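Undergrad: Listed here are the chains, written in short residue letters.
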Amino acid sequence: MNAASIKTFVDGVSNFFNRLGPEAVSIGVPYIKDAGSYLGEITGIIGLTGARKGGILITCSYGMIDLISAAYTGTSDASSAARIDMIGELANTISGNASDAFGTDFQISVPVVITGKPEGINLPTRLPTYIIPLQWRGQNAHLVVGIE
Amino acid sequence: MNISVWRDKFLSKKSVKYTAVAFGLGLIFPLIALSIDIGIMNELPLEIDSIAYVHIANPLNFLVDLSPFVIGFISYFLGRSAEQVAFYSANLEKMVQERTLQLAHAKNNVETILNSVREGLFIVHRTDNGYMISAEKSAACAKIFGKKYSMQGDFQKALSPFLSPAKAKELDNFLKLLRNGLADADMLTDLNPLKEIHTLAGEPEKEKYIRFAFNTVADKDDSQFLVSAIDVTEEKLLQIEVQEKNKKHAENTQMVLSVLHIGPALLEDFLEGVDTELVIVVNILQGEMSASETMKNIEQLGRSIHSIKGNASLLDLKVLAEVAHEFESAVQQIRGIDVPQWADFLPLAMHLDRLQKTVQGLKELLTRLHAFRQHTSGEIDSAIAAIPHNIAEMVGRFAAEAGKKVSVNTEEFSGKGIPNRFAYILRDIGIQMTRNSLVHGIENPEARLAAGKSPEGNIALKLTSDAETVYFSVRDDGRSFNFEKIREKAIVELKLEPSMVHQWDNEQLIECAFRPGFSTADTTTMTAGRGMGLDIVNSRIRNVGGKIRIKYAPGLFTEFAMSFPKNSENKNVIG
Amino acid sequence: MKIMIVDDSMMVRRIIEKFADKLKLEVVGQAANGREAVENFEKLRPELVTLDMTMPEMDGLTAMQKILAIDPKARIIIASAVNNSDTIVQALNSGAKAYLVKPFDEAKMIATFTKVMEN
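Protein chains in written order, with the working numbering: chain A, 218 to 365; chain B, 40 to 614; chain C, 249 to 367.
Simulated from the structure, these hints should not be mistaken for lab results.
Model, not experiment: these values are computed from the prediction.
One thing to keep in mind: the hints can contain errors.
[Said to hold, decoys possible] Derived lysine-lysine pairs resembling DSS-like cross-links, with alpha carbons at most 30 Å apart:
| id | chain 1 | residue 1 | chain 2 | residue 2 |
| --- | --- | --- | --- | --- |
| 1 | B | K245 | B | K187 |
| 2 | C | K363 | B | K208 |
| 3 | B | K176 | B | K187 |
| 4 | C | K356 | B | K206 |
| 5 | B | K206 | B | K186 |
| 6 | C | K345 | B | K234 |
| 7 | B | K196 | A | K224 |
| 8 | B | K215 | C | K363 |
| 9 | B | K206 | A | K224 |
| 10 | B | K206 | C | K345 |
| 11 | A | K270 | B | K357 |
| 12 | B | K208 | C | K250 |
| 13 | C | K270 | B | K215 |
| 14 | C | K363 | C | K291 |
| 15 | A | K270 | B | K187 |
| 16 | B | K206 | B | K234 |
| 17 | B | K196 | B | K186 |
| 18 | B | K208 | B | K186 |
| 19 | B | K534 | B | K455 |
| 20 | B | K455 | B | K396 |
| 21 | C | K345 | C | K356 |
| 22 | A | K270 | B | K186 |
| 23 | B | K52 | B | K133 |
| 24 | B | K206 | C | K314 |
| 25 | B | K234 | A | K270 |
| 26 | B | K196 | B | K215 |
| 27 | A | K270 | B | K206 |
| 28 | B | K534 | B | K501 |
| 29 | B | K234 | C | K363 |
| 30 | C | K356 | A | K224 |
| 31 | B | K215 | C | K345 |
| 32 | B | K215 | B | K186 |
| 33 | C | K363 | C | K270 |
| 34 | B | K335 | A | K224 |
| 35 | A | K224 | B | K52 |
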């Protein structure tokens, strides 16, 4: 994993939020901390295989995912189903948009969603994971990338 | 105009000739008519008037007399037509010559264009056998691809020397798309698989970056397209060069900016981790190893450097990451050697030095940052003088979290007469020891009360110096060493012989706590835990030529008294 | 014109639905995975289908092949987050009439839908 790969995913994040509205998403400095304290109330995880293996996860609060839903669909739906759906789609878009940079053999999985703050999550790899803090409309989220 | 010229022109005209000849021939008819009339008149007395009169009196003769004029008249026009035909046929040749010249000019211009454009241009048209390259192509093709790879014949075959198998397949898919007529102009650009090909080409062969573009041709049946190939090597190399230059130039700026961006707390954590790893590295390189341990040690070495590299690049500390990377490569080289000799390890010493210097530079920055922050708050103006403040701040942050009440006493802390270059090491050790006291030494208020102490613990930091030596001590009134825990750690984590460890007396146990790797023995990840860190402290003091003395009373207090010579060089803060 | 919307995300289906309304298309059915997509297509025979690629049970490409087997003239627009050029080319070669990359750009959507509907 190198800076360029992380940047690809971060670009995917920027791209996604740019389509939601005028507010830009601000990207914080990435870090490694193995404590899972960054995990929010809802988390979307996508596995990556092919030429590069690993996974990404995106996590934030319910409040934030509701805001994202409203901006994305133009209607507000704070139901559990809508939230799970939205974070899954968010994770899907971020990882899908990285595929051009990673080449043809890159495959993304169907998203897995976890609700409620867990103790910690291990991405299904033993790779170092990088945590990238995000801020949008005053809300915090984290993108975690672990890829070969 | 001269009458003779006019006369010659007049006489040379076809119409005149025709008319004259025709008129002359036409005269035969009246003459024949006249002679018939003369013959009839032969019996009667002859008189020319009456012959003429008889001749003209007959109406038929009148017509015959007119015939030369009529014939002449008609011939005049025939002559004119003949003239025109002659005119055009003469001019036709001239026109053909002119047109031929025009075409030659046009062809020249096209050739000139084809010969002067920088791009390789050629038409590709679809046949049953695949895509064929047109014969006419720009001269640049030879320049870009080299004469060895002439762009002719089958398009895909001609390109195959420049494409990896994956790219060739992508091109094949793309051409299939074009065949199916599914791509519009936008798609041609977006889905173009050959936007940038990195290959060897040209004459002589060299590394190139070539950009291909596919353009539609205004063609009815969609079976042709124009391919352009541009050599973008110069631009690409320039781009790479600029990036490298920026990288180099941005070294210091980058360090400062990233340090500022990261924020002191995170940077401190990071540096603590780096220090821990470096201690391990130094000990491996400077220690004694048995042959059997060498492989294991090399691996550990690689891991430590790799950790440093990873975290440095995370925090965007590019310079440090790069230095670590080069170190790591050197370590990888050694792994390739079956039985590495000590000589093989020598290059590593060089890398280690470089790494340490870079880390040192970073630390100095951090120190200055701290001093700067103090300075702007208008309180203190020296890095050393800022230390009590830093430590008090840290204690304030963590004490509550740890559920303890702690006060910090820095009354006897004075940086007077102490060179500023020791600021980092003093601050670092101060923080390390204070944190230890906070975490392991000082008990929570209930435990303290139960032990008959005041609920609030106390940590005292003293700093003084005389002409030659600096004295620094940290003392807390906590529970002091937990010998059981040390024993446990020694056995479980350091994997020392239990029987031996059980025999050790307190002093030996304390010494054990100073062993390299003691505080990091239970962390396999890069993030150094809130370990005891005494091994780091130890190596720091040793490095400045100093020593540590420990005074303690179990359950009552612990004091670490450190001293080192003022004039020590302090080149390497660690190791 | 009748349209069927296929995507495992309800959010995305909602957006495409809104968009279809704007274009005066009649949404006759939806599906959340490939298998449903094929079943519903058989029953409803929509004139236009939007299809996601990454779905559980059966992915988009497989579903597309099956739908084309039922009706080779089916107008399928792929709507996916995957933006790899070669993947897009292969999808188009396999029978998709167009390809839209998520997140959606409205102008592009309009142009694409219009083009596909006209053929």
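Undergrad: Each hint should be assessed against the structure and marked as holding or not.
TA: Hints, verified against the model:
| no. | hint | verdict |
| --- | --- | --- |
| 1 | B:K245 - B:K187 | 13 Å, holds |
| 2 | C:K363 - B:K208 | 28 Å, holds |
| 3 | B:K176 - B:K187 | 16 Å, holds |
| 4 | C:K356 - B:K206 | 28 Å, holds |
| 5 | B:K206 - B:K186 | 23 Å, holds |
| 6 | C:K345 - B:K234 | 24 Å, holds |
| 7 | B:K196 - A:K224 | 37 Å, violated |
| 8 | B:K215 - C:K363 | 20 Å, holds |
| 9 | B:K206 - A:K224 | 24 Å, holds |
| 10 | B:K206 - C:K345 | 24 Å, holds |
| 11 | A:K270 - B:K357 | 25 Å, holds |
| 12 | B:K208 - C:K250 | 37 Å, violated |
| 13 | C:K270 - B:K215 | 34 Å, violated |
| 14 | C:K363 - C:K291 | 26 Å, holds |
| 15 | A:K270 - B:K187 | 40 Å, violated |
| 16 | B:K206 - B:K234 | 11 Å, holds |
| 17 | B:K196 - B:K186 | 15 Å, holds |
| 18 | B:K208 - B:K186 | 25 Å, holds |
| 19 | B:K534 - B:K455 | 45 Å, violated |
| 20 | B:K455 - B:K396 | 27 Å, holds |
| 21 | C:K345 - C:K356 | 14 Å, holds |
| 22 | A:K270 - B:K186 | 42 Å, violated |
| 23 | B:K52 - B:K133 | 21 Å, holds |
| 24 | B:K206 - C:K314 | 29 Å, holds |
| 25 | B:K234 - A:K270 | 26 Å, holds |
| 26 | B:K196 - B:K215 | 15 Å, holds |
| 27 | A:K270 - B:K206 | 22 Å, holds |
| 28 | B:K534 - B:K501 | 36 Å, violated |
| 29 | B:K234 - C:K363 | 26 Å, holds |
| 30 | C:K356 - A:K224 | 26 Å, holds |
| 31 | B:K215 - C:K345 | 14 Å, holds |
| 32 | B:K215 - B:K186 | 29 Å, holds |
| 33 | C:K363 - C:K270 | 16 Å, holds |
| 34 | B:K335 - A:K224 | 35 Å, violated |
| 35 | A:K224 - B:K52 | 91 Å, violated |
Of the numbered hints stated above, those contradicted by the structure are hints 7, 12, 13, 15, 19, 22, 28, 34, 35, listed in ascending order.
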